[in-house]
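K.L.:
For the record, the sequence lines run as chains A and B. Residues are numbered in my numbering as their position in the first sequence, beginning at 1, plus a constant of 58. Residues are numbered in my numbering as their position in the second sequence, beginning at 1, plus a constant of 3.
Incorrect hints may appear among the rest.
[Stated by the list, open to error] Have a look at the derived ranges for each label pair, beta carbon to beta carbon: (1) B:Glu-116 x A:Arg-201: 56 to 64 Å; (2) A:Leu-187 x B:Arg-133: 24 to 32 Å; (3) B:Lys-13 x A:Gln-186: 44 to 52 Å; (4) A:Leu-187 x B:Arg-126: 27 to 35 Å; (5) B:Asn-71 x A:Ser-150: 50 to 58 Å; (6) A:Lys-147 x B:Asp-25: 25 to 33 Å.
Bear in mind the hints are in silico, worked out from the structure with no lab data behind them. Glycine is no exception: its CB is placed at the ideal position from the N, C-alpha and C atoms.
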Amino acid sequence: MAMAADAKFHVLAVDDTLIDRKLIEKLLKTSSYQVTAVDSGTRALEFLGLNNKNRNSNADASVHVEVSLIITDYCMPGMTGYDLLRKIKCSSSLKDIPVVIMSSDNIPSRINRCLEDGAEEFFLKPVQLSDVNKLRPHLMKSRCKPNINKRKAVEEIASPDGTRSRRYNELEV
Amino acid sequence: MNQMAIAALKNQYKSFVQSMFDEGVLDNQFSQLQDLQDSSNPNFVDEVITLFCNDAERIITEMNRYLNYQNVDFSKLDSNVHQLKGSSSSIGAHRMKLACVNLQQASYDRNKEECVEAFNSIRHEYCLLRSKFQFLMQIQRRIVALENNQQ
């Protein structure tokens, strides 16, 4: 499956606040990205194909959903943006997807921890268009890399049970 | 004739927004929102304002409830004011944001009296902001109606 050089990047935005979700979606669309916006880390993982739902379904959702970047709020009930970051970085199929964290709180220790533990960028809210412009190099870099996500998904179809259960086991951290 | 009316309304809108900047009611974040509005999403600003007002009213009602208890649950108050501060910041509601910061401090100090005072301030700022937003949205709707008539 050839990828057009100018195909739009697909960004997954995660924020529990409706107004911020609307804003980030608009900022990303204005920058010509395709956007999926969800309201929690749990829903983000579902979308990325990392939960029990997809294990049983016939349609392999993770094959055609190609997320180029994840941008997430830090303060969310249940799973924080940091928790989500760690789950993604600990997943063999998702760890190469760049993750960006947003927060309304300017707490240096928080910022450092996120950056040290895998986040590409940390944006202070309210996020501006100038911040969104900083995403492009991270997206370009992930496009140039061999597509690890797609390859893994294709392998799963070839040998469904073995590969899949192994993959999910890795996530039970 | 419509052209002149539309131009006049647009000027009125612009001047009124400027007055809100001058009074510190709105800050630059609101301009960012205006810049994001385009032909693909001509009601963007209105939609954001509506979302903000619904959110703010819900939170203010909650905070009022918590503050009416004998023993105030400060952690619930903290989380509410954090949310409201965030929304205010996202829409550029500068004075609302500052009022939230004051409530955050009072809540952090676990001082009920100061919390009540800070909360009243928030409520006052919100009433002011809401009536100004309603005025803006009315002008915007008239502009859209006139522009649609022209087509």
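K.L.:
Just to be sure I understand the hint, the distance between the Cβ atoms of Lys-13 (chain B) and Gln-186 (chain A) should be within 44 to 52 Å; is that true here?
P.N.:
Violated: the Cβ-Cβ distance is about 25 Å, outside 44 to 52 Å.
K.L.:
Assuming the hint says 50 to 58 Å, is it satisfied by the Cβ distance from Asn-71 (chain B) to Ser-150 (chain A) or not?
P.N.:
holds (52 Å)
K.L.:
Do the Cβ positions of Leu-187 (chain A) and Arg-126 (chain B) conform to the proposed distance bound of 27 to 35 Å?
P.N.:
holds (33 Å)
K.L.:
Between Leu-187 (chain A) and Arg-133 (chain B), does the C-beta distance stay in 24 to 32 Å?
P.N.:
Since Leu-187 (chain A) and Arg-133 (chain B) have Cβ atoms about 27 Å apart, the given range 24 to 32 Å holds.
K.L.:
Between Glu-116 (chain B) and Arg-201 (chain A), is the Cβ distance one that fits in 56 to 64 Å?
P.N.:
Roughly 57 Å apart at Cβ, these two residues keep to the hinted range, so it holds.
K.L.:
Take the C-beta atom of Lys-147 (chain A) and the C-beta atom of Asp-25 (chain B), compute their distance, and say whether it sits inside 25 to 33 Å.
P.N.:
violated (47 Å)
Comparing the model with each earlier hint shows violations of hints 3, 6; every other hint is respected.
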